[in-house]
Structures are given as structure tokens and as C-alpha cells.
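Working from the sequences, and respecting the hints, build out all of it.
Each step along the sequence shown adds one to the number in numbering that gives the first Met the number 0, with nothing skipped, and position 387 is 386.
By construction, these hints were calculated from the structure, which means they are not laboratory data.
Among these hints, one or two may not hold up.
Pairs of lysine to aspartate or glutamate, EDC-like flavour, derived with a Cα cap of 20 Å [said to hold, decoys possible]:
1. K234 with D97
2. K234 with D95
3. K234 with E371
Between beta-carbon pairs, the in silico distance windows are [unchecked claim]:
4. A142 with A350: 45 to 55 Å
5. A75 with H270: 34 to 44 Å
6. A166 with T377: 15 to 25 Å
7. E239 with R341: 30 to 40 Å
No residue lacks a Cβ here, since even glycine has one placed at the ideal position from N, Cα and C.
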Amino acid sequence: MITFGFLSTYPPTACGLASFTASLRAALPAGAAGGVVRLLDTPTDTPTDTPVGTPVSAAGTRPAGVVGELAPGSAAGIRDAVALLNRHDVAVVQHDYDVYGGADGEDVLSVLAMLSVPAVVVLHTVLTEPTPHQRAVLNGVVAAAAAVVTMSEAARARLVAGYQVPADRVHVIPHGAADTGGTAVAPHRSQRPQVLTWGLLGPGKGIEWGIDAMALLADLRSAPRYVVAGRTHPKVLAQEGESYRNFLAARAENLAVADRVQFDSRYLDAHSLRRLVNHANVVLLPYDSREQVTSGVLIEAVSSRTPVVATRFPHAVELLSGGAGILVDHQDPVSIAAALRRVLTDGMAAAKMAVAAGVAARPLGWSSVAREYCQLATSLVRPPARALA
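See below:
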């Protein structure tokens with residue numbers, strides 16, 4: 000049995016990388032899911048009083064599965080983290096620029112250079128116009144990796160075209176979603192139409208454009224409710240407090256739609272989130288970003304067989320191309336309102352989107368994604384023997 004070590008943020012940290020790693024690890028076969036070296040935001044962001052890199056048996060109170068912690072700027076922590084990862088057959092290293100120490104997260108290069116086991120690097124961000132240093136860091140990460148994973152074809156194409164990466168070194172393995180056994184989830188739609196956006200809140204999510212769109216749907220016989228679910232992103236909260244959420248609430252008030260916009264800032268476990276999605280008639284992803292090549296929220300929405308309205312960020316363009324949703328222009332509430340109106344008033348169109356989502360969702364279950372990581376790891380640890388001449 001090949002074992003996986005992980006270097007990533009991890010619960011209780013609230014971010015996409017943490018959720019991704021926890022879900023992937025849980026989906027691996029029994030015995031394959033090794034320990035996690037948890038990335039910390041700051042040198043003091045640690046759940047225990049034990050030194051960085053201390054094994055979980057000594058720490059005692061770390062989250063289940065966490066064998067060590069790596070804080071930014073800690074050379075000793077890097078050495079300890081590498082030692083823990085080297086106990087496994089393969090190290091799965093999650094990469095984003097803002098989760099490692101150093102300029103543009105360059106400390107990850109030291110980790111990769113010291114690993115003696117193959118590193119599978121999972122890229123969560125591939126920029127079209129990186130700074131020279133961002134480009135250098137990512138090229139260094141890719142050069143040090145035994146294999147590189149992107150979660151969309153768009154990210155792979157961007158990586159090959161814009162960086163020093165041979166195409167045969169990049170593997171596309173989708174972001175996973177809750178397994179539904181290949182069958183459609185039975186919805187429990189509310190009597191009042193419901194539009195849902197969820198995820199960590201912060202500027203750039205485009206929620207304001209969704210609120211503006213609600214004002215344009217007031218003429219509908221049953222005006223929809225717009226549910227915005229999710230806590231404010233911890234880094235945004237630390238720097239700006241709840242200013243973005245307050246801005247959104249004021250916008251809804253000024254547009255006279257405050258009674259149709261509901262903010263839910265609770266932490267939702269997987270079951271509660273699935274229930275919330277199943278009550279929605281449509282999931283709205285009004286993101287401002289034109290760079291986003293990976294969206295776990297998009298994957299979850301499609302897997303739930305709920306119609307999606309999304310701006311034209313790369314992952315949405317790719318995943319919704321089969322008809323699982325409608326693409327709209329960025330920062331355009333008129334376009335958003337028109338798409339929502341179609342989903343909410345045309346039952347046949349919504350049903351076709353749900354069917355198309357079911358087709359797109361087939362390879363997205365975490366069990367399928369975990370199998371692909373196992374196959375990739377096996378190819379690195381036990382490469383096929385060369386044919387005899």
C-alpha cells in the first residue's frame with residue numbers, strides 16, 4: 000500500500016486548500032492516508048504549545064491526522080516538515096502563493112529541494128500575467144516536482160503555454176465533490192425560489208452584482224430570495240473586519256431588497272451545506288476574477304445537479320460548456336438577472352441543465368478523484384519496467 004503525506008493548510012483552518020486536502024485524504028483507501036503537515040498562517044497560529052514539526056504523538060491535541068505544523072519563516076520547521084513527509088511514499092504538496100513563507104511563498108522551494116520522496120504538486124492558481132518573481136517561483140516548484148496536477152484543462156493549457164512546463168508533466172485531476180453514487184440528488188426546493196451563493200466571503204466574490212440583480216427581478220410573481228452563506232475569509236476578517244459584509248447589507252438596503260437577501264455566516268458542515276444546496280433553485284457564482292482556474296464551489300454545485308449561473312472565469316467556461324449552467328458577463332447585473340430569470344421561470348431549461356450537470360458530475364466524486372491520485376502515485380513509486388530490447 001502506497002502511503003501519502005500531505006503538506007497543506009488543514010482544518011480547523013477555513014480555506015479551500017484545507018477543505019480539499021481533508022476531503023482527498025478521507026477518500027483514500029484505508030492505510031494510504033498518511034499524516035498531514037499543516038501550514039500555519041503565522042508563527043503563533045498553532046493549536047498546541049509544542050514546537051513546530053513535533054509528531055502528533057508528542058503534541059497530543061492537534062487535529063486528527065496532523066503530524067506536524069509548519070509556520071512561515073521557520074528554517075527548523077522546514078527541516079522537521081520534510082522529515083515527516085519523507086516517512087511516506089509520496090508527498091502531496093498543495094500550492095498557492097499565499098500559504099508559504101517568503102516572497103510569493105518561495106519557502107516551498109526549500110521544502111521541495113529537501114524531499115527524498117516523489118512530490119505531487121497540486122496547483123490551485125496559475126496566473127496569466129504573473130510578476131517575474133511569481134513566475135520564477137512557480138517554475139521552480141514545477142521543476143522540483145515529480146508530477147504536477149491541475150484541476151482543469153484551462154489551468155493545464157495556461158501552464159504549458161505560459162511557463163517552462165512540458166505538457167507530459169502535467170496531469171489533470173478534477174477537484175472532487177461529495178459522492179452521490181451517480182444518481183441525482185433529490186431536491187427539496189423551497190416554495191419561494193431561492194438563489195444561493197456560498198463560500199468564504201471577501202471582496203472579489205461579486206456578491207454586490209447578485210444583489211443588484213435581485214432588484215431587477217422584483218416583477219417576478221414569486222420574487223426569489225438570495226441566500227449568501229459563509230463566513231468572512233479569515234485573512235479578510237483580520238485585515239478589514241466585516242466591512243465587505245456590511246457594504247453588501249447596505250447595498251441591499253439601498254436597493255430595497257434587504258428582505259430578499261439573507262446572510263448566513265454560520266460554519267456549515269458537509270451535511271448542512273448539501274442540504275442548503277438542495278433547497279436552492281440555482282447557484283450563483285458572480286465572481287469578479289477572470290483568472291480562477293479552480294473552483295470547489297462550482298464543482299459542488301454541478302455535482303448537486305443544481306443549475307448554475309456563473310461569470311466567465313476559466314473553470315466555469317470549461318465545466319459549464321456541456322449545458323449545466325449559464326455563463327454571464329463580469330460585473331453585469333443585467334446579464335445575471337436575465338440568466339436567473341430564465342432558470343427560475345423556464346422549468347424545461349432548468350431540467351436540461353440538471354441533466355447536463357449529472358453528465359458533468361460523473362468523474363467528480365471524491366472516490367474517483369482519489370483513485371486517480373493513487374494511480375499517479377503508483378506510477379511514480381513503481382514506474383513500469385522498460386521493455387527489453
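* To do: Would you mind confirming whether the straight-line C-alpha gap from K234 to D97 stays at or under 20 Å?
  => With a Cα-Cα distance of about 10 Å, the restraint between K234 and D97 holds, given a limit of 20 Å.
* A75 and H270, beta-carbon distance inside 34 to 44 Å? -> holds, 40 Å
* **CB-CB spacing for R341 and E239 relative to the 30 to 40 Å hint** => holds, 35 Å
* Regarding the pair K234 and D95, is the alpha-carbon distance no greater than 20 Å? -> holds, 15 Å
* Could you check the hint for me, namely that A142 and A350 are 45 to 55 Å apart, CB to CB? => Once the Cβ atoms are compared, 48 Å apart, the range 45 to 55 Å for A350 and A142 holds.
* To do: Evaluate the given range 15 to 25 Å for the C-beta pair formed by A166 and T377.
  => Given range 15 to 25 Å: holds, Cβ gap about 21 Å.
* Asked: Taken at face value, is the distance from the CA of E371 to the CA of K234 at most 20 Å?
  -> violated, 32 Å
Going down the numbered hints, you'll see the structure goes against just number 3.
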